[in-house]
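Heads up: the sequence lines are chains W and L, in that order.
Note that the working numbering has the first sequence beginning at 1, numbered continuously upward.
Note that the working numbering has the second sequence beginning at 1001, numbered continuously upward.
Everything labelled a hint here was simulated from the structure, so no lab data went into it.
Remember, it's a predicted structure, so these values are computed and weren't measured experimentally.
Careful: at least some of the hints might be erroneous.
Claimed, not checked - Here are some, though not all, of the chain L residues that point toward chain W, as calculated from beta-carbon distances under 8 Å:
hint : residue
1    : R1043
2    : L1046
3    : E1097
4    : L1099
5    : G1104
Think of the CB as a built atom: it goes at the ideal place given N, C-alpha and C, for glycine as much as any other residue.
So the chains spell out like this:
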Amino acid sequence: DTGVSQDPRHKITKRGQNVTFRCDPISEHNRLYWYRQTLGQGPEFLTYFQNEAQLEKSRLLSDRFSAERPKGSFSTLEIQRTEQGDSAMYLCASSSRQGPWEQYFGPGTRLTVT
Amino acid sequence: GENVEQHPSTLSVQEGDSAVIKCTYSDSASNYFPWYKQELGKRPQLIIDIRSNVGEKKDQRIAVTLNKTAKHFSLHITETQPEDSAVYFCAASGGSEKLVFGKGMKLTVNP
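Extracted from the complex, chain L is given alone in its bound form (with noise of 0.2 Å):
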C-alpha cells in the first residue's frame, strides 16, 4: 500500500522567512496531493492540493510543486507570518479514495 513520509518533522523560522516541507510517497498510482494545516486542538484544514497532471500550483503565499518521476512533492510557504504557526500534513491518494497521510511537520514562525 501507498507510505508517505514527511520531513522534517518540526522547522522553526523567523517572521516573514520561507518555509518549506517536504514529502515522498511509494505508490506511482497515487495522482492527488493535499496538504493540511492543523491548528491546536482544531480539524486538519484543507490549504492546496495538486493533482498528478500539473507540476505546481500556487495560492497567495503558498504554492505546490510535484516529481513524478522521483515521487515526491513539496510545500512552499513565502513571507511567513505567525499564525502560519501550526502542524502541516501530506497526504497522498491513487486508486483508493482514501488518504494516507505523513506524520505531520510542526512550524513554529517567531515573530
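Bound-form chain W, shown alone (with noise of 0.2 Å):
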C-alpha cells in the first residue's frame, strides 16, 4: 500500500496521559498535513509541514499539542497531558505540490480519553 499511513489505528488512555501518533506520507509529497474529526463534524486543520517546516499552526494547537516532521518524511503529533475533549479521530493527509493541492488522507488514529 503506498498510500498515506498512520499507527496506531487506535489509542485509549486515561485522563493527564500522554500520547504520540505516526504519520507517514506518500513516499514523494513533501506538504504534510494534521487534521482532527470529532464525530458528526468535517475534518478540522491543525498544523502543517512543507519537509521539516512546520509552515502554519492553527490556534486549535494549544500548547499541549506538538507536531515534528525531523527528516521531511513520517511526523508525529504529541498531546501531552490529554484530556476527555481531546477524544477525536486523528487523521494525516500529504499533498505533493505548493498548494493548494490535492491532499490525501490516512485512515486515522482514533483517540478515546477515558
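Fit chain to chain and form the complex, with the hints in mind.
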C-alpha cells in the first residue's frame, strides 16, 4: 500500500497521560497536514509541514499539542496531559505540490480519553 | 477566516435518482474546492475538485459547479447507486494551504 499510513489506528488512554501518533506520507510528497475530526463534523486543520518546516499552526493546537517532522519524511503528533475533549479522530494528509493542491488522507488514529 | 457551510445535512434518494449537495464559502480569495467522500470508519477520499478558473468539471457520474460571484459550489451525482451512500464533505482553500471543511452531508441511496 503506497498511500498515507498512520499508527496506531486506535488509542485508549487515561486523562492526564501523554500520547504520540505517527504519520507516514506518500513517499514523494513533501507536504504533510494534521487534521482532527469529531463525530458528525468535518476535519479541522491543526498544522502543516513543508519538508521539515512547520509552516502553519491552528489556534486549535494548544500548547499541549506538538508536531514534528524531523527529517521531512514521517511526522509525529504528541498530546501531553490528555483531556476528555481531546477524544477524536486524528487524520494525516499529504500533498505533492505547493498548494492548495490535492490532499490525500490516511486512515486516522482514533483517540479515546477515559 | 474562511467559513464553509454545507446543506442539506442528510439526503435520501432512490437508486437511479440524482443527488445535489450545495456549499457556500465566505472568503473570496479561496480558489480551490475539493469534495471528499467518507464511508463509515474509513478515511476521507478525494473524489473531485475544482479551481476558481473553471466553472464546471465532470468525471463520469459526478460533476462539480462553481459560482464565484455567489461564492457557492455544488456536487452533482447522477444515476446514484447504493455504493454512493456515504458522508460527503466540501472544502475550500485560499491563500493558506489548509482546507476548511463543511460539516458534511450523509447521503443514503435506497435500492
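Comparing the hints with the structure gives:
no.: 1; hint: R1043; in the structure: 4 Å, holds
no.: 2; hint: L1046; in the structure: 6 Å, holds
no.: 3; hint: E1097; in the structure: 4 Å, holds
no.: 4; hint: L1099; in the structure: 6 Å, holds
no.: 5; hint: G1104; in the structure: 5 Å, holds
Of the numbered hints stated above, none is contradicted by the structure.
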